[in-house]
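Asker: Here's the letter readout for the chains.
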Amino acid sequence: MQIAFQVLFIMLSAVSIFLFTKKINEIRRNIRLGRDENISDNKTSDGGI
Amino acid sequence: MILLAMGQKKMFRNPLVALLHFVVYAGFIIINIEVLEIVLDGITGKHRLFAVSFGGLYTFLINAFEVLALLVLVTCVVFLIRRNIIRLPRFKSNDLNGWPRSDANFILITEIILMSLFLKMNAADTLLQMRGADQYAIHPTGSFIISQYLHPLMNGYSDGFLITIERLCWWLHIAGIFAFLNYLPYSKHLHIVLAFPNAYYAKLKPMGEMENMPSVQNEVLYAMQPELAPNGEQVLLQKFGAKDVADLSWKNLMDAYSCTECGRCTAACPANQTGKLLSPRKIMMMTRDRIEEVGRKINQHKEFKDDGKSLLHDYISVEELRACTTCNACVQECPVSINPLDIILQLRRYLVMEESNSPQEWTAMFSNVENNFAPWQFSPDERDKWVEEVN
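Residue numbers (the numbering used here), protein chains in the order written: chain A, 1 to 49; chain B, 1001 to 1391.
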């Protein structure tokens, strides 16, 4: 019985993370539709944070 | 980035709200440590996996999480009151009509429910421990600081019922978290993911400085020094300014996805404050709507086919764009380092340079600048005439 819950949980997690990743990658693709812009200038001496 | 995103620096322009927001922000991050244990419990089938190894420290940590959970819950209630009862101007605004307003309320209500589930789960669990029930008493943790006060409400319940409550809350809580995770990309709550990278990639140049347009600079250069012009077909691939989302830079688009719809930009905008149509927040929301629409069409048809619509005109009007004074108040205010002015300016450049779409007053001024080297009608020869009059 317990193992059934574990399997259900793993499936729920996997589906959830899969769907989330899919949508995030879609958003990443959408953002990349924009024009290229070089933003690597103006780094501070410690590397930019 | 550390000061802006981790330290929430710009939020502290309004100190009380910033403190409340910091509670939710820090609470969210810290409570997610407990989610790790919950996930491992779910996979392994164990209960409170870390209780054994952490001992007394475990109880201390859960107590800390419970205090934070209560603080988050209360804070979300305060935020709901701010939005719905007190109704600050930037929350009352028409920008938020429809889905955006519901989005905000939905997020806050979900947070309250999730925190309640967590506390209720702990209450049922520890009460079962005290009663010595089944597997709950194997690794006793002792009662927790907040949920112990829920015990009196549950004393009348049977063991079986309590177990049902505990399991139900456990499952609903983690299912709720997974559901909320997937809700994130469709909501303004996505800012929790994007705030850090958006701050990192923000422009560091002083705000008053406007970007020159290399395409225009090159045109002038080649006119003055024709030998520098590239040979063969000079095809101008890039249009002047921006008409649709693909003409905007990727940073502009990331800005659009990062927008929390807080409205601080619009609240600071002098044009908006004096009744003009412009709302920088609306600009960002429209950009996100349009890029999402374009994205959906690409999903359907594999590539983007011209649908006869564009960001300019169909989503953002000429009147809004003309109202902008380029003062940078919106850029200054934004807590997640969005630059609405960049988008406004690019759209306006398209209007003027590609559509010749400017009011008569501006057109006259452009003409004066071109011919008289000044915005006014007087000839350049008369430039120093005032000197004679002084003497």
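Take the hints with a grain of salt, since some may be wrong.
[Stated by the list, open to error] Below 27 Å or equal to it, Euclidean Cα-Cα: the simulated DSS-like pairs (lysine-lysine) are:
1) A:22 / B:1009
2) B:1297 / A:22
3) B:1305 / A:22
4) B:1205 / B:1243
5) B:1188 / A:23
6) B:1009 / B:1243
7) B:1243 / A:23
8) B:1092 / B:1276
9) B:1305 / A:23
10) B:1205 / A:23
11) B:1297 / B:1010
12) B:1203 / B:1243
13) A:22 / B:1302
14) A:23 / B:1309
15) B:1297 / B:1309
16) B:1243 / B:1188
17) A:23 / B:1092
18) B:1305 / B:1009
Quick caveat, the hints were computed from the structure, so don't treat them as lab data.
Asker: Against this structure, judge whether each hint is valid.
Answerer: Against the structure, the hints come out as follows:
1. A:22 / B:1009: violated (32 Å)
2. B:1297 / A:22: holds (16 Å)
3. B:1305 / A:22: Holds, at roughly 23 Å.
4. B:1205 / B:1243: holds (25 Å)
5. B:1188 / A:23: Answer holds: residue 1188 (chain B) to residue 23 (chain A) is near 14 Å, not above 27 Å.
6. B:1009 / B:1243: Given that 27 Å is the threshold and the Cα spacing comes to 34 Å, the pair is violated.
7. B:1243 / A:23: holds (26 Å)
8. B:1092 / B:1276: Since the Cα atoms of residue 1092 (chain B) and residue 1276 (chain B) sit roughly 17 Å apart, the hinted pair holds (cutoff 27 Å).
9. B:1305 / A:23: holds (21 Å)
10. B:1205 / A:23: violated (33 Å)
11. B:1297 / B:1010: violated (36 Å)
12. B:1203 / B:1243: holds (22 Å)
13. A:22 / B:1302: The hint holds at about 16 Å.
14. A:23 / B:1309: holds (24 Å)
15. B:1297 / B:1309: holds (12 Å)
16. B:1243 / B:1188: holds (24 Å)
17. A:23 / B:1092: violated (31 Å)
18. B:1305 / B:1009: violated (42 Å)
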